[in-house]
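Engineer: The lines below spell out each chain.
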Amino acid sequence: MNAPQRLFAFPGGLRLPEHKDAATRAPSRACPLPPRLVLPLSQHAGQAARPEVAPGERVVRGQRIARAEGLGAHLHAPAAGVVVAIEDHPVPHASGLPAPCIVIDVDPAAGEAALLPALPDWPAIEPAALRARIEDAGIVGLGGAAFPTAGKLGRPIDLLVLNGAECEPWIACDEMLLRERAPAVRDGGRILARIVGASRIVLAIEDRMHGALAAAREALAGADDIAVVAVPTIYPEGGERQLIRVLTGAEVPSGGLPADLGVLCHNVGTAAAVADAVLRGLPLVERYVSVTGAGVADPVTLRAAIGTPIEWLVAQAGGYRADAERLVMGGPMMGRALPTDAVPLVKAANCVLVLTAAELRDDAPELPCIRCGECVRVCPARLLPQQLHWHLRAGDFDEVEAHALRDCIECGLCAHVCPSHIPLVEWYRWGKTELRVRAEDRRRSDLARERFEARKARLEREDAERAARLAARRASAPAATAGDADDPVAAALARAEAKKRGAATEDADGA
Amino acid sequence: MATAVWVLGLLGVALGALLGWVAVRFRRAGAPLADAIDKVLPQTQCGQCGFPGCRPYAEAIARGDADINQCPPGGEAGIRALAELLGREPKPLSADHGVEKPKVLAVIDEAECIGCTKCIQACPVDAIVGAPKRMHTVLDAECTGCELCIAPCPVDCITMVPARAGLAGWRPSRPLPRLTALVDAARLP
Amino acid sequence: MAREFRLGGAPHLPAATSVRTVMGKVLLALLPGVALSTAWHGPGVLLQAALACAFALLLEAAMLRLRGRPLRPFLGDLSAPLTAVLFALCLPPWAPWWIAAVGMVAAIVFAKHLYGGLGYNLFNPAMVGYALVLVAFTRELSGWPPLDAPIPPGALLDGVFGGGVPWDAMAQATPLDTLRDQLGQGRTVAEAQAGDDGRSAWLALAWTLGGLWLLQQRVIHWHVPVGVLAGVLAVALPLWLYDTGRHASPWFHLTHGALALGAFFIATDPVSGAATPRGRLLFGAGVGAMTVLVRTFGAYPDGVAFGVLLMNACAPLLDRWLKPRPFGHAR
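Chains as they are written, first to last, in this note's numbering: chain A, 75 to 585; chain B, 24 to 212; chain C, 8 to 338.
Keep in mind that the hints are not guaranteed to be accurate.
Straight-line Cα separation of at most 20 Å, PhoX-like style, residue types lysine-lysine; simulated pairs [to be verified]:
#1 B:126 with B:141
#2 B:62 with A:530
#3 B:141 with A:530
#4 B:156 with B:141
#5 B:62 with B:141
It is worth saying that the hints were derived from the structure and are not from the lab.
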């Protein structure tokens with residue numbers, strides 16, 4: 075039985091304008107299939123998947139078209155059609171660089187869907203088999219990080235948190251999912267809890283998401299295994315570490331995982347995808363996505379196939395308004411600006427946001443930091459953003475590390491409240507990459523030093539051996555010419571010499 | 024007069040003893056200078072500095088036989104680190120020793136390779152594997168990009184490729200200050 | 008047809024505020040205090056502020072030009088006028104014009120631009136300017152006009168621009184001066200405060216009102232004012248309890264001189280103050296304690312400026328020492 079949940083506060087945070095009603099006015103719509111789907115081989119954390127189809131091949135909905143390599147996730151065809159190419163294509167990435175994708179020309183007549191067998195009796199199925207099903211379905215975290223879900227299910231867990239705290243402005247896909255599919259979220263939560271052995275499940279929803287709360291409570295009426303908790307609406311409440319702090323009062327250790335506290339956190343969309351995979355045998359081939367912002371004519375939340383071009387999604391939302399200025403994948407705080415809408419919807423994309431100039435940071439000049447400390451006040455990681463910026467500018471990476479840059483979650487609040495309009499998050503993203511590159515360089519140079527020393531030692535040893543062999547031959551040569559082959563001492567010496575030589579050669583080979 | 028001499032003399036002896044004790048007590052039992060310098064060098068082992076590897080160059084700097092601006096792979100940042108370590112002024116990279124370039128890795132065109140093992144002997148970090156008459160290959164994780172294998176290859180089948188290419192190697196660039204460009208230029212080296 | 012978009016870094020939302028807004032709000036929050044001060048001391052208060060502003064902007068523009076910085080964003084950020092007004096509020100209303108000029112040279116040229124301009128100054132420019140003129144021109148800064156007999160405008164102009172006001176003849180000692188003199192002559196606090204009608208508490212209240220509005224607007228943080236209060240109490244309360252005849256009460260300290268102004272408007276200067284929450288608390292406490300110490304044992308009747316400058320020098324150390332524990336790090 076769940077006692078009333080005691081809530082805690084996380085450091086920093088800020089109330090932001092919500093703008094949620096734009097994409098929640100009407101029920102979600104199923105997005106019609108586009109003529110062509112583009113499926114990046116890498117749309118999850120970890121390694122890119124390896125294609126299992128060839129151009130020209132027919133595929134059906136639900137068919138696996140690329141398999142996971144190492145840490146990764148399988149990829150499935152969202153619709154029947156023909157593979158036309160496996161080639162580099164623009165993907166939603168900050169670099170604007172292309173990446174390998176499987177391109178499918180949609181043809182609904184190409185064949186019946188090939189789903190996995192449904193497992194309606196899942197409570198009787200072994201956790202390992204359920205976990206395998208999640209892996210087979212190619213499920214990744216749908217909250218934005220796209221970490222392969224099965225990879226998070228390996229450790230014993232006490233508390234499972236279903237994260238429905240959709241804290242960024244504009245995004246409403248979890249809100250709509252909960253309103254319309256709360257039972258699926260509930261079932262997915264129960265399946266996940268069975269896999270990890272969690273004894274408690276909490277479904278956390280922000281207290282301003284009234285529709286989602288009502289639907290969740292209705293789906294759980296009479297059930298006492300999942301507690302619906304309304305958490306205060308403060309950005310970035312939905313951050314995993316922040317939400318766990320709010321619910322349990324504990325801080326996930328820096329560099330550690332929630333599992334270190336016996337907690338596991340999954341997005342509600344992930345839970346629904348798990349339910350679909352187990353109860354209906356449906357791999358992850360579609361998702362809820364909000365197409366919203368003041369730059370689209372008719373904001374809406376869609377159920378769209380993975381691989382649908384952003385261009386197509388925006389067209390479903392009535393197209394761009396004349397003053398559309400920026401295209402963002404994700405929310406206005408953490409989302410990435412996209413250079414073009416000719417990129418596909420990926421598993422991790424919860425929102426396509428089109429902003430007009432009025433909702434954008436202006437190009438007001440950046441002034442020097444006046445150390446006002448607003449960034450310190452709002453930072454949810456309790457960092458000193460102004461000091462980090464200062465040290466990054468000076469290139470003092472030892473200080474940057476000492477100020478715990480790696481604990482920055484890039485929530486964007488510091489840059490939002492900065493009166494000097496300093497692009498702090500851009501500095502941190504750059505700085506984090508620099509730190510990583512530096513660590514990698516250090517590792518490589520240590521390795522090179524070691525190998526250089528080893529080679530030097532080997533060469534010296536080989537030289538010494540050659541010299542020894544030469545000396546030995548010279549020493550034994552006169553003895554041999556003397557023809558005294560019967561001398562037992564000389565024979566023993568020669569045997570020992572030969573043996574030593576053999577061992578040394580082995581050594582050298584071993585090195 | 025005599026008192027003053029006594030007092031000052033005693034004071035001198037006492038302070039001298041204290042200094043001596045401090046010198047012994049707090050002596051930095053650290054690595055010799057060459058080790059510290061070697062830590063800063065990039066370990067490319069390319070020999071562009073004129074010494075057969077980073078360690079010999081580090082020893083030469085420590086002895087005072089080499090300057091701190093002879094390492095092109097280390098580049099500006101490396102020179103600055105050395106200058107800071109040695110308490111000297113940074114100076115521009117010596118053009119005689121080469122120019123700073125982006126990091127590269129060696130790749131052997133395996134179709135062209137005749138298996139002569141010359142590159143294997145040239146590699147300072149044993150990052151090339153292969154046997155006589157067998158095609159060779161470069162271990163990416165170990166290659167330092169020193170380019171020493173290029174010259175010995177009789178069929179020119181080794182090329183250098185950028186070490187961090189494509190999406191996986193993409194790095195965000197340092198933010199461009201919008202107004203404070205002038206301030207930055209004035210304040211930063 | 009695919010459409011291209013301009014890129015930009017996250018967050019994409021418009022910035023919540025600007026330097027100009029922050030400085031502007033601080034200037035606005037000064038209004039109640041300035042109004043009350045003007046009502047008591049006459050238009051000289053406003054004249055001094057206007058003079059200092061004019062010099063400040065002139066010097067700011069000259070320094071920006073000399074340093075090759077763009078004029079418009081930096082002149083428009085309102086930081087120079089704020090420095091000027093805070094400085095002017097410390098001057099007697101009939102101080103000669105060149106006091107403001109000298110003070111602003113010290114503040115804008117030396118304390119601000121020679122350290123790198125906005126955001127880079129180590130010391131509070133207004134307090135550097137004030138400390139300099141206080142030490143250099145003690146006589147011109149010591150006399151205040153009597154509260155109940157405001158100076159006629161003609162005499163004011165004559166005094167500011169012509170040097171014609173006989174300060175010593177008209178000047179009235181401030182309560183802090185009186186206290187210092189009387190205690191020095193062996194009288195008790197009660198005797199020294201006999202003529203004090205406690206009116207300055209109203210001015211302190213006016214500054215406090217402005218300060219509370221700034222707190223509500225999230226322009227300043229509570230740490231510094233609370234720190235000042237704690238610092239004053241920590242030093243003044245034991246002294247007062249030890250000998251109520253020789254030492255003024257904490258209430259007297261809090262309501263007199265520049266303490267309320269300093270607690271909300273001067274010690275809260277972000278650039279030269281501490282930036283960490285606990286650093287700010289300690290920064291404020293240092294200012295409060297120093298102020299009472301200077302008033303009690305020092306050579307000057309008030310010590311806010313010295314307290315602020317001393318703590319400015321300590322601020323980087325405080326920030327380093329009191330760095331908060333990042334989220335998820337061991338306690």
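Engineer: For every hint, state whether the structure bears it out.
Structural biologist: Hints and how they fare:
Restraint check for residue 126 of chain B and residue 141 of chain B: the C-alpha separation of about 23 Å exceeds 20 Å, so the hint is violated. The hinted pair formed by residue 62 of chain B and residue 530 of chain A meets the criterion: a straight-line CA distance of about 18 Å does not exceed 20 Å. The suggested pairing of residue 141 of chain B with residue 530 of chain A holds, with an alpha-carbon distance near 17 Å, which does not exceed 20 Å. As the CA atoms of residue 156 of chain B and residue 141 of chain B are separated by approximately 11 Å, the hinted pair is consistent with the 20 Å bound.
Distance check on the hinted pair: residue 62 of chain B and residue 141 of chain B sit about 29 Å apart at the alpha-carbon level, beyond 20 Å; violated.
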